[in-house]
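There are 2 protein chains.
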Amino acid sequence: MKNHLYFLEKTLKIANESVKNGNHPFGALIVQDNKIICESGNEVETRNDITAHAELLCIQKFQTYQSKNYATLFTSCEPCAMCLGAIYWSNINEIIFGCSNSQLSKIVDGTLEIKSEDLLLNGKRKIKIHDYSNMKKFKEIHINFWK
Amino acid sequence: MKNHLYFLEKTLKIANESVKNGNHPFGALIVQDNKIICESGNEVETRNDITAHAELLCIQKFQTYQSKNYATLFTSCEPCAMCLGAIYWSNINEIIFGCSNSQLSKIVDGTLEIKSEDLLLNGKRKIKIHDYSNMKKFKEIHINFWK
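Chains as they are written, first to last, in the numbering used here: chain A, 10 to 156; chain B, 10 to 156.
Rather than coming from a laboratory, the hints here were simulated on the basis of the structure.
Watch out, some of these pointers could steer you wrong.
To be verified - With a cut-off of at most 25 Å between alpha-carbon atoms, the simulated DSS-like pairs for lysine-lysine come out as follows:
{"hint": "1", "chain 1": "A", "residue 1": "Lys133", "chain 2": "B", "residue 2": "Lys156"}
{"hint": "2", "chain 1": "B", "residue 1": "Lys156", "chain 2": "A", "residue 2": "Lys124"}
{"hint": "3", "chain 1": "A", "residue 1": "Lys124", "chain 2": "B", "residue 2": "Lys133"}
{"hint": "4", "chain 1": "A", "residue 1": "Lys133", "chain 2": "B", "residue 2": "Lys148"}
{"hint": "5", "chain 1": "B", "residue 1": "Lys146", "chain 2": "B", "residue 2": "Lys44"}
Said to hold, decoys possible - Covered stretches of chain A, as calculated for chain B (at least 3 residues, CB under 8 Å):
{"hint": "6", "segment": "52 to 62"}
{"hint": "7", "segment": "65 to 72"}
{"hint": "8", "segment": "78 to 84"}
{"hint": "9", "segment": "109 to 123"}
{"hint": "10", "segment": "126 to 136"}
As the structure is a computational prediction, the values presented were derived from the model and not from experiment.
Note that CB positions come from ideal geometry on N, CA and C, so glycine has one too.
Take the sequences, apply the hints, and build the full model.
Written out as structure tokens, the structure reads:
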């Protein structure tokens, strides 16, 4: 059984690849039964599409598998309101993130700073959240990129 | 100069077309300098994609025009958290909606019920919001569809 950090480390690799491709440092992947089903980096710059966040693209891919079962989303950074909304409509019932929105908003100006837990209080569907923002490396990739 | 209701009525027509096409009753359009730049209905069922909301698709189309100027989004129903997040990242600086999320959540179970104004308090970017939920017809299309 692979643990949370095994998959979170992978989202950081995807985020680094996104930067190499000219995009922003974000990566996400979806796991079911301890297996990676799909993954995506940020593609905002290369697609010239402000909605091309790692989590949104990953959820769009996930749907093509037409799985009716619940799945877990790992993401290098806490989802923004857009991605969290998409998660809410999807079959994701667990989110595991590295950097928090609160940490990101201190590094990049103009983000929509909202805690996933607070936003989800407005809906009935229950989604578990695991916060690994105490680990420095998920914040560091943003300090290096945005400063 | 066309008024808000002229464009809002059009979003209702788009919403009705979406239903005819097998989708959900939502429609959106984007206006710049009093002209419609692009429009979209909901395509969740026909694309088999839970992210294919009218507003998100409309914003994605809008970007292809590569306009740097601000624009106004008209939507038959107040944007969900996903679409509001997308609006926040886009060049939309004004939202005009018909049915409210609060009204919709009383008709359809399981929505993420959040007021756009409240969600936007978490960001620095200012977006004007005009609420036409006092007009019954924007709610009625949902009562007819979901009940």
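Each hint tested on the structure:
1. Between the alpha carbons of A:Lys133 and B:Lys156 the distance comes to roughly 19 Å, so the proposed pair stays at or under 25 Å and holds.
2. As the CA atoms of B:Lys156 and A:Lys124 are separated by approximately 33 Å, the hinted pair breaks the 25 Å bound.
3. About 16 Å separates the Cα atoms of A:Lys124 and B:Lys133, which keeps this hinted pair within 25 Å; it holds.
4. Annotation: proposed proximity of A:Lys133 to B:Lys148 holds, straight-line Cα distance about 22 Å (limit 25 Å).
5. As the CA atoms of B:Lys146 and B:Lys44 are separated by approximately 24 Å, the hinted pair is consistent with the 25 Å bound.
6. For a cut-off of 8 Å, the count of residues in the segment 52 to 62 of chain A with a CB near a CB of chain B stands at 4, and the three-residue condition holds.
7. Using a Cβ-Cβ cut-off of 8 Å, 4 residues of the segment 65 to 72 of chain A lie near chain B, which meets the minimum of three, so the contact claim holds.
8. For a cut-off of 8 Å, the count of residues in the segment 78 to 84 of chain A with a CB near a CB of chain B stands at 0, and the three-residue condition is violated.
9. Three residues within the 8 Å Cβ limit are the bar, and the segment 109 to 123 of chain A against chain B gives 6, so the coverage statement holds.
10. For the segment 126 to 136 of chain A, the stated coverage by chain B is satisfied: 6 residues place a CB nearer than 8 Å to a CB of that chain, which reaches the threshold of 3.
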